[in-house]
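Asks: Make the full structure from the sequences, and use the hints.
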Amino acid sequence: MDPRRGARVVIDPKVRQVGFFTPGAPPDRTQSGPPESSSLPVADNSPSGNSLSPVMIPPPRHASDNLLSARPALLPPLRRPGDIIPVGSYNPSEFFLGTSPTASFYGKVGDGEFSEDASGAGWTRRGNSGKVASSLPSGGFDLTAVKPSNLTTVSVVNMPPGISEKSGGASIEVQNEQPASTRSLKEKTSKAERRALQEAQRAAKAAAKASKAPTATSGVATSANAKPAKASKPSSQKKDNASVTATEIKAGDRPPEKDRKKDVPHPRMQFDDMSRVEKAKRRAVVRPIEVRNRVELFRHLPQYERGTLLPDLESKFFQLDPMHPAVYKVGLQYLAGDVSGGNARCIAMLHAFQEAIKDYSTPPEKTLVRDFTARISSFVSFLIECRPLSISMGNAIRFLKSRIAKLPLSLSESEAKASLQSDIDRFINEKIVLADKVIVRHAVTKIRDGDVLLTYGSSSAVEMILLHAHELGKQFRVVVVDSRPKLEGQVLLRRLVGKGLSCTYTHINAVSYIMHEVTLVFLGASSVLCNGTVYSRVGTACVSMVAHAFRVPVLVCCEAYKFHERVQLDSICSNELGDPDAISKVPGREEINYLDDWAKSENLQLLNLIYDATPSDYVSMIITDYGMGWNHDYGDTSSLGFSCLVVDQDDGIILARMVCATYKCACDSAGVSKRALMDIDGWVK
Amino acid sequence: MIMDFQVVVLAGGTSKKLVPLVSEEVPKALLPVANRPVLSYVLELLERSNLKDLIVVVEGVGAARRVGGWISGAYVDRLHVEVAAVPEDVGTAGALRAIAHHLTANDILVVSGDLVCDVFPGAVAAAHRRYDAALTTMLCSLPVSGPLESGSSSGKDKTKKPGCCNIIGLDPTKQFLLYIATGPEIERDIRVQKSILRAVGQMEIRADLMDAHLYAFKRAVLQEVLERKDTFQSLQQDVLPYLVRSQLRSEVLLNGAPHSEENSHDKVVPRNNQVMLSQLVAKKTTPSFHELHVMAPDGSGAVRRTHKCCVYIASQDKYCARLNSIQAFSDINRDVIGDASRLLGYSFSAQNNIIHPSAKLGSKTTVGQNCMLGEGSQLGDKCSVKRSVIGRHCRIGSNVKVVNSVVMNHVTIADGCSIQGSVICSNAQLQERAVLKDCQVGAGFVVTSGSEYKGEFLAKKER
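So the protein sequences, as listed, match chains D and W.
Everything in the first sequence is counted per the working numbering, starting at 1 for the first residue and increasing by one.
Everything in the second sequence is counted per the working numbering, starting at 1 for the first residue and increasing by one.
In case anyone wonders, no lab produced these hints; they're calculated from the structure.
Where is the CB? At the ideal position from N, CA and C, for every residue including glycine.
Treat each hint with caution, since some may be false.
As the list claims (entries may be wrong) - Straight-line C-alpha distance at most 25 Å; calculated SDA-like pairs for lysine to any residue:
(1) W:Lys174 - D:Pro485
(2) W:Lys174 - D:Val586
(3) D:Lys316 - W:Tyr319
(4) W:Lys194 - D:Gly498
(5) D:Lys316 - W:Leu79
(6) D:Lys585 - W:Gln316
(7) W:Lys318 - D:Pro311
(8) D:Lys499 - W:Leu248
(9) W:Lys174 - D:Asp596
(10) W:Lys52 - D:Thr362
(11) W:Lys194 - D:Arg495
(12) D:Lys358 - W:Ala220
(13) D:Lys486 - W:Gln202
(14) D:Lys600 - W:Thr173
(15) D:Lys316 - W:Leu103
(16) W:Lys174 - D:Glu590
(17) D:Lys316 - W:Leu344
(18) W:Lys52 - D:Pro311
(19) W:Lys174 - D:Asp338
(20) D:Lys486 - W:Gly201
(21) W:Lys364 - W:Gln351
Said to hold, decoys possible - Which chain D residues face chain W? A few, computed with CB under 10 Å, are given here:
(22) Pro311
(23) Glu314
(24) Phe317
(25) Pro325
Replies: See below:
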């Protein structure tokens, strides 16, 4: 990959008119007037030119695009008035394009270098799509080649360390063998047979133990092996993102045990499914006590008594044998809420993994690739127990696992460890640190003197943007909107004010008042989903909707490694529940703790949601490290997610799977974003 | 070294505070609590926490030999224990200094050998790790002192203040230690650093908490402090207050290695990225007042160094006490067979007492609840035992009353004695009709017949 990159011409990253540059968007639809909104003529033809790029548009759409592109030429005079009076017409579609300077800027640059782009992209794309086609199966192969190890490995890891290490003794070997044989027997028997066996065993058990019987039969007989097998499952199933692919692959490489596939639970645990919850509990490290009063609509999400979780985990500090101290520490910090935010959590986790890699040595008679994958899985399931993974973390884990799987067998242990460590470093560096830098660079161009920028909560990317713009000497004001219970905005505010920015602080209840004076909204995101939905801290949707109503452009900053293939239409089916006490109690103000003894009441259910989903309609622009894209309609955002995907596949990250309808479009834009990546590289060097 | 922790048990030597009870033969660590050496409670607590590599530090060579002998007998195949002998009267800090070069793990857990508690040390270690603290200490509520229901002596006990009282300052979240006064410091004025107060804003001063002598230290910090402050004798009175005092202008770690995790990536990641990265993480972690203090807008670019002193406050329902006085000795004995019987791990009989099957009871002898009768002990007729511990192979005559007392092993008590609130050490002999109340009888002492003592130390003269 690298040599190819080197050969490329380095182009300014701003050029990337990735597939999401909307063809039909009349360029003149500008709103919310920074005074210099008049570079329309240039903007006029450029987007259409862009979108017409033969590279990007599939044939059937071409005609319609042409039509559309014709429209802007007609429309400008009509639209003009709306342009000048910022709060004029209320056509929501108009609003999307945000500030005109951007649009015009975009257009100009795009225009200038478009031809180059097209010619360059021509073969890139072809090469790339070819690559996609070829790399997919091969990737699948790799994984299948590795996965069988997963089975055996796992059983090894969870074996008591004494046995695996001191397995010289004959008696131990015998012990070892027995479960193995029982298991193989178990595998060969059909499901019905096993069931019969189980029934028989159950009957044999005393009636008193009736409830424990199923566990006992499977658990006791094959204790050493059954457990690890179980343990391997949650890691793949519970982690939100990897789940789909992981389970698929897993199922694929284990044809003999087909019914096992059925055993695989739903990708995401549904916590209102009692039997599954029971199963998950059995293998959990932390013994959570579930909150009794849960809001009906959110029963499927896990909610535990926070108070009991932390002491429980703490007291087990020394009992978690296979856990690496660094991983444990990170888990503890997640649980206690000391570390929050997608980037910080991801970095903390990766650093912990690095420590674990450093201290890792392959046990005898195992291979690093197999054993360490299992090890990572156990770490991950531990972390999930502490707090559900963020999407960024899921992607990072997937990356790491694929790196492990792709380690050449010829490498010595120390080499392999060094390579993994540097892989992680590279991931952090490229996907987070550099990505943020690029985002900052893009976003700063959107800030002009006299702007009033609004941000919600505390996003690391937004903070960097604001600080950088300030360093550049731009004159602007910041409105920090905050919300209970975390009040993250205060921390951000403290740092911004410390750096000499002029700030206004308000709570989200006042957002509609403050929005009058705002010219631009910057938001962070936990993830951007395939359909353009922005998954972010709860309250983001509210802020962006208000901004939308006031025709203030909403710019979402999100590193591309946080993109996810999932499509989510609401914030109900997948979300996270926080500590309900956090909203019922006001720290430091005992006199207004009216709900103190009510929390246990049957009639009261407290809901502390962590995330919400902002429909793409309310987002004007997404700024990622691969560039920024005006959000026009559904399809385009998904192709944005998509373009990132194809590029990333080289690094082993699959951000989004193929969506058939946009397949071609995606491949087309892949060529472009591939170049964008190179541009970033070139820029950094 | 599980989780990169190393455990040091400070078992002490022959403490002066416990003089009639301890002796050359019975160092403090081997004092029986419910017929088990007190050290066993700590060791078993650690064993249950899966901490099996221990260093036990004992003052005095003789004591070390005895403790070592006992451990190797009782914990063979269960624990991996190294016993280190240090000279007497070096203090807890001195003892650690003596073995400092054996410490290699990242963090050190220091446990006092006289601790009887059921708080898992893992909790302390976890709190320590979570905040990346230089020091974490466990605090527990003050144990109830004095006999429970003996009206006459309770008034007297109130005047006898428990010696383990600490004055402790906490931050509003009750996670950081801002002030600690122990020992003689308590009598003096409380002096609090202005800078700390300014940084925290609010400080809670508590006198109802006790430092349980269970610490987690960062090894580098501990070693450096011990090395540089060679006058420090006691962990609790010197090292702890020093670290707490200097937490916002940390002098430790200055020449030590900075955070190892940051160091390890230097080669790969360019410098400025590294800075950005650490900022990225730091910004999103909930800042304690230490971090806020560091980034306080005071203009000076100098980086202020801080370290954190955390506390872990054991919940009320946990038992935690230290055997550091005679009063504590009888209290702990009472509690362990009474309220805190879960520590013992034995199953109680229907009468809520423990009588070894080989013990023999005479006719009309009653053993009340919360009592313990050791192996091979014999009681004559018409005896009455209440809330007491009687050791192994004691011979007790008829008509003997034992209430609220501890009787160690091989004690002979003749007919008609009455013992209340007392401690009788091994091999002591009580002749007929002796009456003891709130007395401590040293090992091998003979109480003459018919004598009556109240609140006295009875020990052989040569000691």
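Asks: The structure should be examined with respect to each hint, and the outcome stated for every one.
Replies: Status of the hints after comparison with the structure:
no. : hint                : in the structure
1   : W:Lys174 - D:Pro485 : 19 Å, holds
2   : W:Lys174 - D:Val586 : 16 Å, holds
3   : D:Lys316 - W:Tyr319 : 18 Å, holds
4   : W:Lys194 - D:Gly498 : 23 Å, holds
5   : D:Lys316 - W:Leu79  : 19 Å, holds
6   : D:Lys585 - W:Gln316 : 22 Å, holds
7   : W:Lys318 - D:Pro311 : 13 Å, holds
8   : D:Lys499 - W:Leu248 : 23 Å, holds
9   : W:Lys174 - D:Asp596 : 20 Å, holds
10  : W:Lys52 - D:Thr362  : 23 Å, holds
11  : W:Lys194 - D:Arg495 : 24 Å, holds
12  : D:Lys358 - W:Ala220 : 20 Å, holds
13  : D:Lys486 - W:Gln202 : 20 Å, holds
14  : D:Lys600 - W:Thr173 : 24 Å, holds
15  : D:Lys316 - W:Leu103 : 23 Å, holds
16  : W:Lys174 - D:Glu590 : 16 Å, holds
17  : D:Lys316 - W:Leu344 : 21 Å, holds
18  : W:Lys52 - D:Pro311  : 22 Å, holds
19  : W:Lys174 - D:Asp338 : 15 Å, holds
20  : D:Lys486 - W:Gly201 : 20 Å, holds
21  : W:Lys364 - W:Gln351 : 16 Å, holds
22  : Pro311              : 7 Å, holds
23  : Glu314              : 4 Å, holds
24  : Phe317              : 3 Å, holds
25  : Pro325              : 4 Å, holds
Figure legend: structure checked against the earlier numbered hints; every hint is met.
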